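Trainee: Given next are the chains, with one letter for each unit.
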Amino acid sequence: GQNIDQPTEMTATEGAIVQINCTYQTSGFNGLFWYQQHAGEAPTFLSYNVLDGLEEKGRFSSFLSRSKGYSYLLLKELQMKDSASYLCAVRDGDYKLSFGAGTTVTVRA
Amino acid sequence: NAGVTQTPKFRILKIGQSMTLQCAQDMNHNYMYWYRQDPGMGLKLIYYSVGAGITDKGEVPNGYNVSRSTTEDFPLRLELAAPSQTSVYFCASSYSIEQETQYFGPGTRLLVL
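Here the protein sequences come in this chain order: G and Z. Using our numbering, read the first sequence as starting at 124 and increasing by one per residue. Using our numbering, read the second sequence as starting at 16 and increasing by one per residue.
Honestly, the hints are just simulated from the structure, not real lab data. Keep in mind the model is a prediction, meaning the values are calculated, not measured. Glycine is no exception: its CB is placed at the ideal position from the N, C-alpha and C atoms. Watch out, some of these pointers could steer you wrong.
[Claimed, not checked] 30 Å max Cα-Cα, derived DSBU-like pairs, lysine-lysine:
| hint | chain 1 | residue 1 | chain 2 | residue 2 |
| --- | --- | --- | --- | --- |
| 1 | Z | K29 | G | K191 |
| 2 | G | K204 | Z | K24 |
| 3 | Z | K72 | G | K219 |
| 4 | G | K219 | Z | K24 |
| 5 | Z | K59 | G | K180 |
| 6 | Z | K29 | Z | K72 |
| 7 | Z | K59 | G | K204 |
| 8 | Z | K24 | Z | K72 |
| 9 | G | K191 | Z | K59 |
| 10 | Z | K59 | Z | K24 |
[Claimed, not checked] Counterexamples of contact, computed for chain Z against chain G with all Cβ distances above 10 Å:
| hint | residue |
| --- | --- |
| 11 | M56 |
| 12 | T86 |
| 13 | P90 |
The task is simple: from the sequences and hints, build the whole structure.
Mentor: What follows is the structure, encoded as structure tokens:
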């Protein structure tokens, strides 16, 4: 099985930056994903890392270190609409996705 | 494209009843998946399919059955509902197993009393 850990909750102010960490232990590795999930809705894809380094997409960036089993999602210039749960998911050697429990981010005015 | 659609959106079942959760996609995706999401927990894979006629178990398959007679449809069957099956069920699809992301349906919220 897989072991994926991420903080349960984080709070930040509008306009600020928040970093959500994710550590994982898996049997085989074929990529790490970040999804955003608003309350009562389906997860939506944010980012994908398969090689070490930083991937930037507008206000969102994701970093991966395969040797450390570590990733983070960086949310910049926070907006109220960024209040959501952020799910870290790892694709294993059999190409199956395993999800962390999610980090609930609350953005305050 | 409607993407991935699921019906019903919400259902209440009594213990021992059976039901089928419907999932359809119109993106001609080969791979389809069923997950359940319990409060405060990550999504867990129930069953998946790599194409019509082929299905396989995921992490938590007990109490569920699936079939894949067409590329578009991937229904999930609960034969004898139990309170432990109270959850939100998401269906997802992808064109290939290496594709960067799976696309999720809106979910079915199931309550078993």
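Trainee: Run the structure past the numbered hints and jot down the numbers of the failing ones, going up.
Mentor: The structure conflicts with hints 1, 11, although it agrees with all the remaining ones.
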